[in-house]
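Asks: Each chain is listed here by its residues.
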Amino acid sequence: MAGNSFKRRFLDVLFDYKTEKYVDTKNKKVGVLYRLIQLSIIGYLIGWVFVTKKGYQETDEAIQSSVITKLKGVSVTNTTESGLLVWGPEDYVIPPQGEAVLFVVTNFLETPKQKLGHCAESHRVLDGHCQNDEDCEEGKMVVAGNGIKSGRCLRQDENSTGTCEIYGWCPIERKFKPQGPLLKNAENFTIYIKNFIQFSKFTFSKCNVLETTDASYLRRCRFDEELHPYCPIFRLGDITRRAGYNFQDLATSGGSIGIMIEWDCDLDKGYSNCHPVYHFTRLDINVSNKTIATGFNFRHSRYFKNAAGESYRSLFKVYGIRFNIMVHGKAGMFSIIPTAINVGSGLALMGAGVFFCDLVLLYLMKKGDSYRERKFEEYKSKKSTTEDNNVEDRKGVADRII
Amino acid sequence: MAGNSFKRRFLDVLFDYKTEKYVDTKNKKVGVLYRLIQLSIIGYLIGWVFVTKKGYQETDEAIQSSVITKLKGVSVTNTTESGLLVWGPEDYVIPPQGEAVLFVVTNFLETPKQKLGHCAESHRVLDGHCQNDEDCEEGKMVVAGNGIKSGRCLRQDENSTGTCEIYGWCPIERKFKPQGPLLKNAENFTIYIKNFIQFSKFTFSKCNVLETTDASYLRRCRFDEELHPYCPIFRLGDITRRAGYNFQDLATSGGSIGIMIEWDCDLDKGYSNCHPVYHFTRLDINVSNKTIATGFNFRHSRYFKNAAGESYRSLFKVYGIRFNIMVHGKAGMFSIIPTAINVGSGLALMGAGVFFCDLVLLYLMKKGDSYRERKFEEYKSKKSTTEDNNVEDRKGVADRII
Amino acid sequence: MAGNSFKRRFLDVLFDYKTEKYVDTKNKKVGVLYRLIQLSIIGYLIGWVFVTKKGYQETDEAIQSSVITKLKGVSVTNTTESGLLVWGPEDYVIPPQGEAVLFVVTNFLETPKQKLGHCAESHRVLDGHCQNDEDCEEGKMVVAGNGIKSGRCLRQDENSTGTCEIYGWCPIERKFKPQGPLLKNAENFTIYIKNFIQFSKFTFSKCNVLETTDASYLRRCRFDEELHPYCPIFRLGDITRRAGYNFQDLATSGGSIGIMIEWDCDLDKGYSNCHPVYHFTRLDINVSNKTIATGFNFRHSRYFKNAAGESYRSLFKVYGIRFNIMVHGKAGMFSIIPTAINVGSGLALMGAGVFFCDLVLLYLMKKGDSYRERKFEEYKSKKSTTEDNNVEDRKGVADRII
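Residue numbers (this note's numbering), protein chains in the order written: chain L, 162 to 563; chain H, 162 to 563; chain P, 162 to 563.
Simulated from the structure, these hints should not be mistaken for laboratory data. Keep in mind that a hint or two might mislead.
Remember, identical chains collapse to one label, so a pair may be satisfied in a single copy or spanning two.
Unchecked claim - Derived pair list, reagent style DSBU-like, types lysine-lysine, alpha-carbon separation capped at 30 angstroms: (1) Lys276 / Lys233; (2) Lys528 / Lys338; (3) Lys231 / Lys336; (4) Lys274 / Lys168; (5) Lys345 / Lys478; (6) Lys362 / Lys430; (7) Lys231 / Lys301; (8) Lys491 / Lys430; (9) Lys233 / Lys301; (10) Lys478 / Lys233; (11) Lys355 / Lys233; (12) Lys168 / Lys528; (13) Lys355 / Lys430; (14) Lys190 / Lys168; (15) Lys478 / Lys466; (16) Lys187 / Lys168; (17) Lys527 / Lys478; (18) Lys187 / Lys527; (19) Lys274 / Lys336; (20) Lys345 / Lys301; (21) Lys168 / Lys527; (22) Lys338 / Lys355; (23) Lys301 / Lys276; (24) Lys478 / Lys274; (25) Lys336 / Lys478; (26) Lys527 / Lys301.
Since we're looking at a predicted model, the values are computed, not measured.
Make a model of the complete structure from these sequences and hints.
Replies: Dropping the structure here:
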């Protein structure tokens, strides 16, 4: 019997609904203030957090991306060193296999028929300058130079400053100040960019190439923000123009262009609403003072052997545009956790609003003290003695106010 | 004395515990409803947020990764243009230095002994077609062609459509429709993938190569999801099979395969529980209509010089499989902030539950109005006058209800 | 008239401020406990969440980065196979175009004048061992070997184990155990690292190259953590030393070094306070047992043709240091949402503190039952009948307690 009645009382306590007691202050000023606070929190939550910032979505910013590029176009150059040359993509794209970072040669200086041997170090190398043979210690490398000192100082006459004789690839590359791009046609080369992306959190993947039934469209089209925003073929001249620079200027001494592909995918809206957006930036400038760095070039060489088996090489100093395709983006999809967090924190902030309004009520209102007496009921233990008979009943009741 | 008593009263107010007053409605219906709401929030918090989604963890999704690859295997090809050739990794891996993106040649067309000179443009190039010499303006580039027009139209007879004569690398590459892979053995090549990763937020780093004392294991083993899931050596044929494609089909006209390495590390479980998982996907297909794009190939050339110093070259059109090793993953570790945020938002949602139950109590229960009177105590300022003597005492007390 | 009065009463209810009723228990123990809980939550919120972890900031961890590298320095090697060779960046940097992942040759073995033909397989290849011709099935590839078996077993005498004759590039590369780096000067090579980064969420971009008016500084300077932390030019020997390894050891059999560039940008502090920090790690070691893997090398080849048009090649096995420049980082900027979430969750946790203190008050304090009676007011419906006249007025009032 006793156990049974305890159980009943326990269930009573567990399932009796207890509701907080409020004092209706009839104070309209604080009431309006409270409603305003509530309204602004709800407005912030709905307007900013949910509608603008899509706070109900879980996001995946770790985009995985694979980029394949392919260039098309031919150009002809005619220089004294190299003669009449025809350049195809296999020559002007470095590396030729179509990576996300690729270099297009637009200007070059060939130093053909270099052989290992002795010749004078370049005048441009400070460490190679000498007055007499003692300045050219045999076997020492020329700092930032082209070879190893042989011990001789080569001078035109007794008084002039000479340069050390070196052992290296001779003749040494001549001084070259690019006047204009040699591959004039490079502006019309086209680059086809294929970008496959994946958001592994949502197992969502897509390709930037338009899924069209018109196969010839992907052969004819050229990217254009308004007319062909999903065509993956870009004219090099258009890319530099969109980045804000003149192609011929860039092509002369080289430069670095970033092609940003941005994927901002709202997966709640479905597969077909997720599209890439292309941005073009020049990467080799300082943002603050806008001074353009000296350009972009590097050297590579082609090795040959003559009939006697001796090596000789052609050294190429190539100037050009380095394209760096950078893919970024995020995908968002409805998820209960961020929604709960945002709603929960909004509700908690409403609690802060209550606290603030209470402060105003108690300390800024004229009748503050009178409100306080009603809000804070004094605890008088004598009064409780009159209800001592009830106390027994409540003993052992576990978690009454949970 | 007055200061002292003020101080005492201030401390009284600061440290007197004030507890919210509740009305016990004895309403079981709303009580059960409230307990149900509480239970579902607690269930969501523990079951979903903490156990399933590990909401108590701070995560680092910005994985840093370094990939080194090395291929092994030899193959032989025999073609009319190139003769009997032996292919080692130094030949069929492009680039040879073992990057995360690598290309394995499985098929190729060599156009040997190309020299700069005059020959007919290919019939496949539309812009090279001509009826007479006027169609071939001297000095103009052939669009998407192989060289510069010399001004002559080459035709077999008066009525046929000819092609312009061009200056370029001659002879021009012949038409080639791959029938089957030339490097038949490519299926058995193995790729060793070494992947070093780091989560800088937790200064945690690891390598995918199994830390074993059995050195020979890493020479013998082949990756297998079940038997050898941590062996970093993959047979190319197995990779394509796991991606869902036949190796010989892929090898014929080329393709692109993504090797995803996924690191999902629960750092609370320790270093040894963080393992890579490998996924294989084909990247050059459209997900929606499953049509396979035309394959993957590019051209590269090898330059030679004859005894007279004239350049000639071998042009290689190589077909093959492009492997793109993409590393992603996340690490999670217990952190107080996400725990606090999730617990806090859960508690705040319980506040919303209280609000909802109050609504039910006051507007849906029969005795709603009666409950309301008890919940909302009317403020009667007359009553407060009887306690005016206490009011003075409380003046100046700063933050009573904080 | 009735509509008007209803509207007035509705506005009354909507804008009357209702404040929660508290019981002042005068209990100092629980009061102090409650203040302590409040203090620790506030301390956690301000000290940890906001000051230490910058919880008021929205962060972007998806850094986009473009890296350009350029090496300088010359070295000389002298070997029996290759003779006296001068190495410039165009030779020892692979690939030469200055990528984020680059390889610097420090040691090499050239196998010159390889021609396609027949020779004995290497003794190091297990599958090439044979006792008689039957072990060398004609036309089969040697597993992990250098060519295709011709069907003959080559042995020095009747009893010894021989190797199969193969068709491949002959002579086969000899066994080579690197004794010391051949490019001794490699330690003094310098690498110039240009790193452009972008945080697209905040449209913030920066370059690691110091924006200085002193142009010559960027030519002279060498990176040093204390003296020149923003100089982007690194001596190779310094890099390995900072990673904790001796350059000469690494250079002998090769290795892999990670150059981590960390950008931790507090965008609230402005553009000029965002600086890169450089870290150097060795990547080819196992973190747990610190055993160093066998080094890093790969093979590449240079193809030549003799006067008769026959191909021959030089095979290079190159050992060296692979530098992997890994850029990571995050940017933070004040945002209302994370601030609201953190403040909200802190406030909600205070609610949990109230709950805990109530538990203490009711179940651990001596006067717990007496407190409970005051906290939980019994609902007596008879009392409400005396105010029945008021009930009518409140009917239809929509959301009184919202």
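Asks: Mind listing which of the numbered hints don't hold for this structure, in increasing order?
Replies: Hint check: 2, 4, 17, 26 fail, others pass.
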